[in-house]
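Visitor: Each chain, letter by letter, is given below.
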Amino acid sequence: MSGFLAQYGGQILTLTVEHLWLTGAAMLFAAAIAIPLGIVLTRKPGWARPVMGVANVLQTIPSLAMFGFLLPLPWLGERAARIAIVALTAYALLPILRNTYAGIRGIDAAVLETARALGLTGWQRLRMVELPLAASFILAGLRTAAVTCVGIATIAAAVGAGGLGELIFRGVASVDNRLVLAGAIPAALLALAADGVLGLLEYRLKAPSA
Amino acid sequence: MLTKRELRRIVTWKLARRWFVARKLGCMTAAVEFQDVVVATREGRRLLDGVSLAQEEGSVTAVLGKSGSGKTTLLRTVNRMVEVTAGEVLVHGKAVRNADVIQLRRGIGYVIQETGLFPHYSVERNVGVVLEVMGQDRSTRVARCEELLRAVGLEPSMFARRLPHQLSGGQRQRVGLARALAAEPEILLMDEPFGALDPVTRAEMHEMLRELLAQMKKTVLLVTHDLDEALVLADRIVLLHEGKVAADLSAEDFLRSELPEVAAYVRAFHRGLLSKEAQT
Chain A
1 MSGFLAQYGG QILTLTVEHL WLTGAAMLFA AAIAIPLGIV LTRKPGWARP
51 VMGVANVLQT IPSLAMFGFL LPLPWLGERA ARIAIVALTA YALLPILRNT
101 YAGIRGIDAA VLETARALGL TGWQRLRMVE LPLAASFILA GLRTAAVTCV
151 GIATIAAAVG AGGLGELIFR GVASVDNRLV LAGAIPAALL ALAADGVLGL
201 LEYRLKAPSA
Chain B
1 MLTKRELRRI VTWKLARRWF VARKLGCMTA AVEFQDVVVA TREGRRLLDG
51 VSLAQEEGSV TAVLGKSGSG KTTLLRTVNR MVEVTAGEVL VHGKAVRNAD
101 VIQLRRGIGY VIQETGLFPH YSVERNVGVV LEVMGQDRST RVARCEELLR
151 AVGLEPSMFA RRLPHQLSGG QRQRVGLARA LAAEPEILLM DEPFGALDPV
201 TRAEMHEMLR ELLAQMKKTV LLVTHDLDEA LVLADRIVLL HEGKVAADLS
251 AEDFLRSELP EVAAYVRAFH RGLLSKEAQT
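Chains as they are written, first to last, in this note's numbering: chain A, 1 to 210; chain B, 1 to 280.
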């Protein structure tokens, strides 16, 4: 065991950092797209169904196929990490989008009505009422997306994007379970850590009901 | 139901109040005026159908009516929560349709049955929220909040730090009222403010509101379906029926009125009370 760690320890660390970078970048992009989009959809509920439908379809594409589809695209195909980040972003969109939308739409109508009647501007209503009250929902969406992303990012190794999936693929190819576990265990721990940290934040942000 | 003695006391109080307002203002000007107001749905159904009313400054007008009679819609046209389809709503002689909607709403207090308190804000922050968005500093807001909490019968040291879910229904309603008064609005819109409270708490709230209004001289438009509440609080009662004004009478004349809609409303209200008494 110690011999294995001595041989692969450095590599596991590098690939874990790579995995974190792919997942983190994808999560940032997904949050930057899905949270504002979710807010816009609460203002235009008629658009919610088609937009959610698109995000749903993206979610149903098998991950290996998604990486395959993106591979021949001009700018994306040049670097595997770009493909991985775009694909992971696509997978992370739906949970964040759905929860942002549901979180804001679920706010007590009387609270929103009074916020309007008291003369809060649209931006003030969003900043002071809607986002704080929907924060735990949005966090729950980010949490689901993060766990999904950490898992799917292991497949990104199939297109050479690196990450812990590389150890898993190598382990499968050489029928070496130790290598498979060297990739799978840190990936699982990353998912658990993301789930735990975001879960804690979600709990702390949970708004009291009136 | 009100006893004769109570009614006499209320009428005396109201006449004294009206005299005081008349003296104070010198002349009566319409604080809120509805000119042939029509509100229709997209399908063309008329929620309000040519309502014309003028409310004196510093007076309390109760709007009564069955569910769906348009009373809440009428109230919400004043702060443009509902836009009129035709006609004009004037506040202090100025058409609300030309007013800046944010400034208009900040200048009009609004109290609803569900209170709409922000659940994540303390009582203090809830009360001061309008002042906060108007850019007033924290010390001013805290001082104003303490003053208003005392005015609505809540001890600031006990209640200021609490969250809305830590209050009873009556206390929440008091906080809602304090919040509506924070920016010193001249007009107060109240939509069934005490509808969800038990009879004892409701009576306490009536008493508190009467005392408060006697001090503050606000123009109040009160939507209710509770005739007793209207008689206790209002100088004037407007009965809406299917989006139209069926009666516009002083509170004293309302019970004596022989207008068919008024008589039917009074009968139905008393029947409801009697059946409630029989149940208990």
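Bear in mind the hints are in silico, worked out from the structure with no lab data behind them. Where is the CB? At the ideal position from N, CA and C, for every residue including glycine. Misleading hints may appear alongside valid ones.
Examples of chain B residues lying across from chain A (beta carbon under 10 Å, computed) [what the hints assert, rightly or not]:
hint, residue
1, M81
2, G93
3, V96
4, G107
5, E132
6, I187
Listed next, with one range per pair, are the computed distances between beta-carbon atoms [claimed, not checked]:
hint, chain 1, residue 1, chain 2, residue 2, range
7, B, Q166, A, P50, 39 to 49 Å
8, A, A109, B, Q35, 48 to 58 Å
9, B, E147, A, G24, 42 to 52 Å
10, A, A158, B, E43, 53 to 63 Å
11, A, A193, B, M216, 40 to 50 Å
12, A, A110, B, T140, 39 to 49 Å
13, A, G10, B, R161, 48 to 58 Å
14, B, E83, A, P62, 25 to 35 Å
15, A, G9, B, R161, 30 to 40 Å
Visitor: If you test the structure against every hint from before, which numbers come out violated?
Guide: 2, 3, 6, 8, 11, 12, 14 and 15
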